[in-house]
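Engineer: Residues per chain, in single letters:
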Amino acid sequence: MRMRNLLFAWILALCLASVFVGTTDVMASEQKNLILATTTSTQDTGLLDVLNPIFEKKTGFFVKTIAVGSGQAMAMGAKGEADVLLVHSPAAEKKFMSEGNGVNRMLVMHNDFIIVGPPSDPAGIKGMKSASEAFKQIAAKGAVFMSRGDNSGTNAKEKDVWKAAGINPEGQIWYQQTGLGMGQTLNVSAEKKTYTLADRGTYLSLKKNLGMDILVEGDKVLLNIYHVIEVNPAKWSKVNTHGAKAFAEFMVSKEVQDIISTFGVDKYGSPLFFPDAGKPEFE
Amino acid sequence: MDLILEGIKKAIWLLITLDPEVLGITWLSLKVSGLATFISLFIGISTGTLVALTRFPGRRIVVSLINTGMGVPPVVVGLFVSIFLWRNGPFGMLELLYTPTAIIIAQAVIATPIVAGISLASIQKLPEALRLQILALGATRIQMIWMLIKEARLPLLAAVMAGFGGVISEVGASIMVGGNIKGYTRVLTTATVMETGRGNFDVAIALGVILLFFTFCINAILTSIQQRERPR
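Residue numbers (my numbering), protein chains in the order written: chain A, 1 to 283; chain B, 1 to 232.
Among the clues, some could well be false.
Label-pair ranges, simulated between beta-carbon atoms [claimed, not checked]:
hint, chain 1, residue 1, chain 2, residue 2, range
1, B, Asn67, A, Met106, 49 to 59 Å
2, A, Asn168, B, Leu5, 42 to 52 Å
3, B, Leu18, A, Ile259, 27 to 37 Å
4, B, Leu15, A, Phe282, 43 to 53 Å
5, A, Ile259, B, Asp19, 21 to 31 Å
6, A, Gly46, B, Leu15, 20 to 30 Å
7, A, Gly211, B, Asn88, 38 to 48 Å
8, A, Lys95, B, Val72, 31 to 41 Å
9, A, Phe274, B, Ser64, 51 to 61 Å
10, A, Pro122, B, Cys217, 46 to 56 Å
11, B, Cys217, A, Glu217, 44 to 54 Å
12, B, Ser224, A, Gly171, 52 to 62 Å
Restricting the straight-line Cα-Cα distance to at most 16 Å, the calculated cross-link-like pairs of lysine to aspartate or glutamate (EDC-like) are [said to hold, decoys possible]:
hint, chain 1, residue 1, chain 2, residue 2
13, B, Lys182, A, Asp49
14, A, Lys238, B, Glu95
15, B, Lys182, A, Glu56
16, A, Lys208, B, Glu195
17, A, Lys32, B, Glu95
18, A, Lys207, B, Glu195
19, A, Lys208, B, Asp202
20, A, Lys79, A, Glu99
Calculated from the structure, these hints are not laboratory results.
Ideal Cβ positions, reconstructed from N, Cα and C, are used throughout, including at glycine.
Turn these sequences into a full structure, and let the hints guide you.
Structural biologist: Next comes the structure, spelled out in structure tokens:
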């Protein structure tokens, strides 16, 4: 039928038009796109909003920052769907490296995790020196604890502390899981007046609206360490190797490390991250 | 309560001062959802009309599928579209993942069944006698179909508005296939989620207000076309 042909022609024309509109810039730039899979904490603090434009200007790569949890970031890397990772889940990262999914894992920076909760502190953990002891107390008092439950770096650290405390919180009524990023989990936690584990950076950037206090800090186990990992090009041919390498070197360069050391000072009074490139590994 | 007022004030402020980032996000939202609705308009109305006017074996099943398609969760569409567009997926070589085009594709997939389903129902509702009368007066097939579409203008525009409303407000698929990349694939809905996550509630509400405002404007225009009296 003539009508059907006409309609199909229209549809085809439109589809082609839109595909071209969308991809003209992509097609002209072979491997200009760099997919960076990173954590929600690096995005929520705004650090990457500062660093990415500098990198893009310097190298001409277009950084596509996909902020998911460290777990998902590494899953993407393992499938070759990302070029470079900026994550903070050391145990999972080591497994990632041992499975041959990444090359050139480099230490970038750290900050620390803190246990935060309502000012009323029903479990009475304020000022405790040991994170695992604090967790034990929370469990003993049955005080509600909000977990991210999303295999992120923060979630992994939280599970480590539960393990050190010898407690399995899964299934307990006082243990709730949001499955959301750090910022959102802090908001939910503040609303419901529960305890949670947060990285200092995200906490500080949300602090004014939260109404939650820092209750436990400083325990060595609460160190939050960020590494940059390039996805293994030998495993996945479509990986943007040049871009990944450039980004990794950029993150450990003196210029960036200096930016990191002062990031957040003007707004929060203390830096959100501490630069560590080139230093020996923490463990 | 005053947080909402703060949000509205911020929305007006952002628009008046022509804040470049907000304007960019708004324009991208309208472009992406507009194009997606446009595509779904063509595919949806033509499919719906075709199925409404022809009898073929298995027609009932096709109609059921279209109606089911109206209720498919957008997030599921997003998941499947991203699987198709992954680098190592079937369409990976097009490098469409995390681009505005990917969002347009996902939104078109979401909107098309909505437009098709409502078009199907509205064309089918037209009296059979009308179709025969138009043909009897010497119209060609194309003229007949065009006249039927004009006759069903009311519900068909409702279909377009339903499709547009469905995609301009969509967030799950847009995050999955778009990646919420600043200045590139960040639209009003994904930006609202992000700003809420960052605790910037006034900005989040402002973006929501802007989204509502523009959606209202567009629907007002479409409604005025829809409700126009037929010239006698």
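Engineer: Taking the hints in turn, state whether each one holds.
Structural biologist: Against the structure, the hints:
A hinted range of 49 to 59 Å holds for the C-beta pair Asn67/B and Met106/A, which are about 54 Å apart. Between Asn168/A and Leu5/B, the C-beta spacing of about 47 Å keeps the proposed range 42 to 52 Å intact. Separated by about 29 Å at the C-beta atoms, Leu18/B and Ile259/A satisfy the suggested range of 27 to 37 Å. In this structure the hint that Leu15/B and Phe282/A lie 43 to 53 Å apart at CB holds, the actual value being about 48 Å.
Against the hinted window of 21 to 31 Å, the Cβ-Cβ separation of Ile259/A and Asp19/B comes to about 25 Å, which satisfies the hint. A hinted range of 20 to 30 Å for the beta carbons of Gly46/A and Leu15/B is consistent with their spacing of about 23 Å. Between Gly211/A and Asn88/B the Cβ separation comes to about 45 Å, which falls inside the hinted range of 38 to 48 Å. Evaluation of the 31 to 41 Å hint for Lys95/A and Val72/B yields a pass: the beta carbon distance comes to about 36 Å.
For the pair Phe274/A and Ser64/B, the supplied restraint of 51 to 61 Å holds, since their beta-carbon distance comes to about 60 Å. As the Cβ distance of Pro122/A to Cys217/B is approximately 50 Å, the hint placing it in 46 to 56 Å holds. Distance hint check: the CB atoms of Cys217/B and Glu217/A are about 50 Å apart, consistent with the given range 44 to 54 Å. Separated by about 57 Å at the C-beta atoms, Ser224/B and Gly171/A satisfy the suggested range of 52 to 62 Å.
Simply put, Lys182/B and Asp49/A have alpha-carbon atoms about 8 Å apart, close enough for the 16 Å limit, and the pair holds. Annotation: proposed proximity of Lys238/A to Glu95/B holds, straight-line Cα distance about 10 Å (limit 16 Å). For the proposed pair Lys182/B and Glu56/A, the alpha carbon gap of about 13 Å is at most 16 Å, so the pair holds. Restraint check: the Cα-Cα separation between Lys208/A and Glu195/B comes to about 15 Å, which is no more than 16 Å; the hinted pair holds.
Of the supplied pair hints, the one linking Lys32/A and Glu95/B holds, its CA atoms being roughly 11 Å apart against a limit of 16 Å. A hinted pair counts as satisfied when its Cα atoms are at most 16 Å apart, and Lys207/A with Glu195/B qualifies at roughly 14 Å. Our distance criterion of 16 Å between C-alpha atoms is met by Lys208/A and Asp202/B, whose separation comes to about 13 Å. Distance check on the hinted pair: Lys79/A and Glu99/A sit about 12 Å apart at the alpha-carbon level, within 16 Å; holds.
The structure fails none of the hints (numbered hints given earlier).
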